[in-house]
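> Single-letter residue listing:
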Amino acid sequence: MGKYNSIKQNVVFTFISLFGLLLPSHSFAWNRIVTLNPMASEWVAGILGPNQAAQKIVGVSEYSNFPEYLKKIKTIGPYPNIQFESILALKPDLVIGSAEYNRDDQLQKLKELKLNVIVLPKENLFKMSDWIGQLGKVLNEPEATKLAIAEWQSDLSKIKTLKKNKKVFFQIQFQPLITIGSESFLNDAFNLVGFENIFQNIKQSYPKVSKEAVFEKNPDVVLVFEMVKNQEDLNKIKLTWKKSVIQVLNGDDFSRCSPRLLKALKEMK
Amino acid sequence: MNKKNTTIVLIVAILLELFLRIDFGNTALIITELRLPRLILAFAVGSALALSGSVMQTVLNNPLAEPYTLGVASGAALGAAIFNSIGLNLSFFGLNVGAVVGAILVLAALFKIIFKTQLRFDSVVLLGVMLSFTCASMLAIWMSLADPVGVQSITFWLLGDLSRIGLKSAIALLSLSSVFYVYFYKFSKKLDAFLFGESMVEGFGVSLKDTQRVAVVLVSILVGFCVSAAGMIGFVGLMVPHFVRKKMGTSLHGKILPYVFVWGGICLILSDAIAHAIAFPLELPVGAVTALIGAPIFIYLYIFQNKTRGFES
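Protein sequence lines correspond, in order, to chains Z and W.
The first sequence begins at 0 in numbering that gives the first Met the number 0 and counts up one residue at a time.
The second sequence begins at 0 in numbering that gives the first Met the number 0 and counts up one residue at a time.
In case anyone wonders, no lab produced these hints; they're calculated from the structure.
Misleading hints may appear alongside valid ones.
Below, in silico cross-link-like pairs of lysine-lysine (DSBU-like), each with a Cα-Cα straight-line distance of 30 Å or less [as the list claims (entries may be wrong)]:
{"id": "1", "chain 1": "Z", "residue 1": "Lys113", "chain 2": "W", "residue 2": "Lys111"}
{"id": "2", "chain 1": "Z", "residue 1": "Lys108", "chain 2": "W", "residue 2": "Lys167"}
{"id": "3", "chain 1": "W", "residue 1": "Lys167", "chain 2": "Z", "residue 2": "Lys110"}
{"id": "4", "chain 1": "W", "residue 1": "Lys188", "chain 2": "W", "residue 2": "Lys111"}
Quantities reported herein were computed from a predicted structural model and do not represent experimental measurements.
Take the sequences, apply the hints, and build the full model.
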């Protein structure tokens with residue numbers, strides 16, 4: 000939210016990670032980590048590895064459902080509205096949030112409570128090596144970080160551009176109608192695969208649009224992200240977008256800018 | 000309703016707010032850093048809103064009048080929403096800067112209407128209500144264009160959020176609320192003159208226009224502070240004065256204002272304790288809980304305990 004904040008967060012983050020560089024690597028290990036949103040949870044767990052992560056992560060936000068073992072860790076509330084008491088009660092030595100997903104005022108309050116808060120900047124699909132590198136420095140895991148970066152680059156290169164110039168409407172939610180704008184990493188992700196987002200001119204992450212706007216743009220394909228509960232809901236959606244081809248995707252795989260996303264993209268037809 | 004009952008309920012409310020559903024991992028820190036500021040803020044805002052509601056109801060001679068009637072709160076909420084969405088989450092002595100700006104702008108408009116025009120007071124009130132509608136609709140439009148996290152933040156704020164403020168600011172707000180209380184208590188007799196109808200006020204030697212204007216402006220300032228600190232918490236300002244009047248059987252301000260002040264605080268402390276504990280770790284907005292619990296109690300009091308009806312003493 001707001002360029003000012005994300006630039007500020009980037010500067011702070013760079014400063015802190017540079018500071019991390021100066022410390023001898025063997026003297027530092029965080030033992031009680033709390034993550035404030037599912038994206039942070041997934042990445043921290045990914046870099047630390049299952050053994051360390053299960054021990055060292057003591058609190059996660061709600062919906063931190065990947066990797067599976069994170070579901071057993073105590074939750075500290077949903078990411079737009081984290082619970083300060085739960086976080087304080089866990090006595091964390093490291094709290095990781097995101098400028099993109101957590102509220103500025105809540106992050107500020109955590110800092111006022113004298114917790115060690117690291118705020119991750121907004122992720123960019125093509126600049127993830129830097130992002131992963133910074134997170135890795137904070138967690139002090141140089142080897143795991145190098146592996147993660149290499150894996151990311153390799154997965155990224157394996158994504159083939161499939162169809163050319165297919166106009167796609169990405170339906171994140173039906174009511175109200177939410178789609179992907181140019182600021183979301185999903186926009187970049189699907190551009191890679193060769194889908195053209197009919198709303199990529201909107202400078203927001205997940206704008207609400209009207210049905211008329213979609214009909215006007217006349218997409219070839221509609222990609223539906225939510226869990227369609229039953230045939231009735233799917234029929235309603237099909238009726239609305241009559242001419243286009245409807246494809247229902249597993250929304251969870253695409254919800255975070257993580258290796259799962261790349262693997263899901265690789266498998267797209 | 001007497002001093003003893005009130006004190007007992009107040010103590011119970013304080014204990015619940017401090018200790019209900021407490022996580023024993025880091026108790027001392029949680030109580031001092033999180034619960035104590037909430038407690039003090041809840042009392043400050045609750046008492047201020049109840050006081051404001053009582054004065055508004057008297058001076059506007061309308062039992063449905065409440066602190067938010069004249070639109071300062073909507074202006075504050077709109078200001079907070081706009082500042083939030085352009086990324087400026089600044090704090091001025093604990094108050095949300097956007098909200099303060101919004102409140103000041105609406106106050107300025109009110110000032111202009113009240114002191115610079117020759118309008119009847121009824122028209123003043125109507126214009127204030129229009130201001131309120133304008134801000135509320137602009138807020139609705141703003142929210143429909145905002146991103147989900149921003150909307151969540153503002154929604155919570157629109158329904159009241161007592162967790163955004165620190166200890167020092169909470170104490171400052173409590174002092175402010177107390178100062179306003181002392182002022183209005185001193186002028187109880189003047190306010191009592193309104194109880195016999197607007198046409199009788201001048202007969203008591205009280206200037207109708209001046210008293211109305213001053214009261215409305217002071218209330219708006221107090222409400223501006225409250226909303227900038229804790230968002231819009233409804234019900235307390237409207238219902239607590241009625242509740243106290245009914246229980247005490249009088250509308251005389253010398254008698255009711257102390258109880259209105261304290262019971263406003265109690266009401267909000269209890270609501271906050273429940274809002275925080277009932278769906279842990281989710282947190283309900285305190286404004287919703289105030290109405291949800293208070294309204295049935297109020298209905299019961301009015302319909303089933305029908306000895307004295309109405310607004311007059």
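> If a hint holds in the structure, say so; if it doesn't, say that too.
Here's how the hints hold up against the structure:
no.	hint	result
1	Lys113(Z) - Lys111(W)	45 Å, violated
2	Lys108(Z) - Lys167(W)	14 Å, holds
3	Lys167(W) - Lys110(Z)	17 Å, holds
4	Lys188(W) - Lys111(W)	28 Å, holds
The structure does not agree with numbered hint 1 stated previously, though it agrees with all others.
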